[in-house]
Amino acid sequence: MDVLVCATQVPFMRGGLEMMVENLVDALCDAGHRAEAVSVPAAWDRDRLLDAATAWRMIPLDADLVIPVNFPAFYARHPRKVLWLAHQHRAAYDGLGQPWSDIALDDTSLEMHRQVVDWDTRVLSECLARFTISGVVAKRMQTYNGLSATPLYQPPPLADRLTPRRAGRGDHILCPTRLEANKRPGLFLDALASMRTPVDAVLAGKGSLAEDLQGSVERLGIAERTSLPGFVSDAELVDLFRNASAVVYAPYDEDYGFVTLQAFLAGVPVVTTDDSGGVLEWVEDGVTGLVTDGSPDAMGRALDRLVADPVLAHRLGAAGRERVKDLSWEQVISTLLGGAPS
Amino acid sequence: MRGAAAAAPAGERRVLALLAAPGTTTRAVALLGLLGEHADIVSWHRRGDVEPHAVVATSIASLSVLRSIPPVPTAVWVQHHEQIDEAIAAGVTLLLTARPELVARGAVLVPPVGIDIDRWPAVAPLVRARWRERMGLPASYVVRVEGGVEPEGGERALMVASAAVVSGPATLLALALGTPVVTSVDTARRLGLRPGRDAEVQGNADAALKVAEAIAVDAPRAAALSRRARRCAEHHLDLRRPARIVAERLGLVGSSLGPEHLVERRLRELGLPVSSPTWRRVDAALAGLGVDRQGSLT
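Chains as they are written, first to last, in the working numbering: chain D, 1 to 342; chain F, 1 to 298.
It should be emphasised that the hints constitute simulated quantities derived from the structure, not laboratory data. Don't take each hint at face value.
[As the list claims (entries may be wrong)] Anything over 10 Å on all C-beta distances counts as not near chain F; from chain D, calculated:
1) Gly16
2) Thr163
3) Glu211
4) Ala308
[Stated by the list, open to error] Covered stretches of chain D, going by a simulated chain F footprint (3 or more residues, C-beta under 8 Å):
5) 102-114
6) 141-150
For every residue, glycine included, the Cβ atom is placed at its ideal position computed from N, Cα and C.
Bound-form chain F, shown alone (with noise of 0.2 Å):
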């Protein structure tokens, strides 16, 4: 396998390089956005002088130049199972696909359009009701939004709404945000959802709306369409999740190995919020410890 990839020492920044082949640069912007936290992103091509410590490429094809640098954690972008041999055979340190079937072959799922989860707070809709009665909203509270999301009204709507009827990109936040969400057949595709189960799908505005009032007084139904609204956005759309993954195989971040990691690992897997005031609670647990937890948060 090539170049194993040595954890980067605390305080030093990486650099990354991104090898991208033409016509597919896109499925890395989004990717590159969050690896960016972590490391400095070159252009292989337009690298100079500078040495990258990992490359990401976006095409198989790309492999043969890869051939021919010095030993540094790759990772490429496959499409089907030939190029994944054809990787493996090449000694790429980690896969990434947009393909969930290639998920079982090892591959890492990169959602070809995707959400940052980290940022987006679970909101159930028990609690979604104790904010509408805090704001004054009424019991049953509908709300619809196509395209875009305004960055102030538009999410918040999201996040107390008892139900909503979504298209287009601010589905991603609708699930994220766990809102029982009514969507288009179009949305529904583009996005993978599955009907019924990460969301209702109807075909007319009309017939969306009369679902998401029904959803709306309806608590085990919208309990349960929340909760997979959520997984369908953690397993599925989130980038969060592979660039985490992307940046610790290329050794962009520092190991995670002691007992802290640990304790953070584990309140990761049940995704706590950094707000979170539970964070407060277990620093100070830490802390006597004499372990330091500020800034090992990504």
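So that you can see chain D by itself, here it is in the shape it has in the complex (with noise of 0.2 Å):
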């Protein structure tokens, strides 16, 4: 079968959603089809938010099915077309009101507003299957366009490298994430500096943050034990992901969040946030790591309670591997596929 899967493209960026367009297109050679990745560029901004999905509804795919991952790709007109949908337009959305939302209520915004939610009505409606990265875009899309779709979660990056410690306890504890504040990168180290027990610690990652994140260190006095190392090779993070005792991933109302799924094949139990979204699929508080109201006080002592007791850290990190190591892509491709028989 030859498949398309159609992917926005914002220049200059890399993050997850282009990982998993790869490992999608991937997947779909390894189980013997042609595939391929369609991208166009977008832009977020109110005024051209339209301008790629009108684009997309112009473009000729000559393909026997395609699969969509995110506005304004599902604008895609096919007719035999199978959403995975990682994200929609999330400032016309969850996102209203928010400081990175430049939807507001002045004229021009709310036709603006109307149209884009009528229209991604229209185009999700026209899909033969729906599914979603997780159940909280699921939920939304249910929410906003009154439409049901199905979670289909995947495996995440690294996933055949990412095995538990042998034995010991973790020496570090690890917050990987892009450094932007969605990913409220602060709010972990606002966590070291409340805990009772100086650890180690490691932020890696890069973002438009890191210059005061590094302030942060210095200001809250933990610059000693506190590692902002940015980039990391794949190899670097296997071994940060096996060697720590705890991870940290408080992101705002995640789509889905890599890092979780990481932590879990690693061994290592998640330290989150009762508002991370997607995470909450999986950190279920007490069994696979545990969830705080977001304090850094809370957050502290979550994760003093983790190193101090490495049995329950082992415990909880056992428990979210046990969760996740059934994710495959095959399970992801013949689920899509299904999704539109013959």
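Using the supplied hints, reconstruct the complex from the two chains, each of which is provided in its own coordinate frame.
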């Protein structure tokens, strides 16, 4: 079967979505299909928001099946369209009112907003089947567009290399994330500062907040035990996961969150917040990790608890691994293709 | 087939004759109102020396008259399968019907009670909430409208309401706007609404209000009802769509063959209103290609 994976390209950006598309194309090819990614650049500012959407309606897509994965790639026009949605344009949905949403209450914003929601609903209705990368993404579509979708979970990058350490306790707390506001890396530093047990910590990743966060480390007095290495290689990341006593991952209303699954595959429990969205589909308080209210004190206490009790940390991490170990690309492919039977 | 329709040359206004059989004229009134945007409408019986470019007949009974006229594109209302066979044998260009079950045989659905959908934007519950926020209205805002709609206040209320208890003619507008609707048994029957799908249906006013209040605080339910209400209006109650088909098939408007019309068609599929800022973006893009889209909208 010839399959086109349709995605939106944001020039000069690379993150979880790009990895997901590459992995999906690879998995389709491994399953014996011809597959390629098709991407069209998009802009997220309000006035140009629907330019790429309009373009997608005109693009000829000669394939047996198309699988769009995000806004506005799901505007692709094809009789056999199976959605696997990573996210809609969140600034027009759950992100309304957030500082990063430019859809306000003026006339132009309200009309653009009306049109985005109306169009999204129409083109999402065209799909032969609708899947989402997580339950939280499916719930948003149900809430705002009145359309149902089924969560379809994927294994995270490095899944085949992440295994639990053989013995011993972890020697650091890890927070691997892009250093951007929606990922809230500052919460991690605040939590470290409020811990009673001083432990080494690593905040790995790069982003626009890097300089500010370095300043926070100095200001909070945790510079001696906190490392901000920036970008780390895959091999380094695997080591960091494997030797962590806990992983902190506390983004705001995350769509999915590969970090959670990577931590679990390494047998490491995750500390998160009760507003972290898709992360909560995996982190169950006291079962696979610890869920806090997001205050520095609560997060610090959770980390103290895991550092002080390696047996508990091991038990939670093992339960997390058990929960994710069966995720496979084979299952993803068969489900997606099954959504559009010949 | 009678009179293949040649498209109207640019700038020329065509003449459409109405051939009305006794007792059947009302079914054509709303449709002709929209076709009047494209053509001059004359009565067949009072056309004088005017030679119409096309004919709309309200009944198959008029076919005997049509057989005696020069071959021009002709549309005729049909009510059952036998009439379709008869009309096809007579060579009419287009079949019109109020019966959904005849659409499968190629007839164009002209709802007996309909609305010009292009005039009304679909407003999803999430967007309604933003409008209420701007207007200082409560987060949950249920309105009750019976009979007709006041041009200003009534329309606006239906446009921003979380849910509405509506009966009578206002129900058409509420559905077109994508308002989550609770309506009466009688209205649902008249409009052919499917209870629980196109709208919720309740037998008494108190129960209807309670249901509307429940919908107003149930976002997924409101979103689903809103979506289906709009689709119902588009697919079963829209007069603009059949008017567009009739105008094109009878040759009352110019042909839409150029690439710019393909863009237009794609955007129409998405229900883009004429007033949308997105048209300006499209115009700007097409202007760079030397295409003048001005005036091509209907």
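Each hint tested on the structure:
no.	hint	result
1	Gly16	holds (26 Å)
2	Thr163	holds (40 Å)
3	Glu211	holds (36 Å)
4	Ala308	holds (43 Å)
5	102-114	holds (count 7)
6	141-150	holds (count 6)
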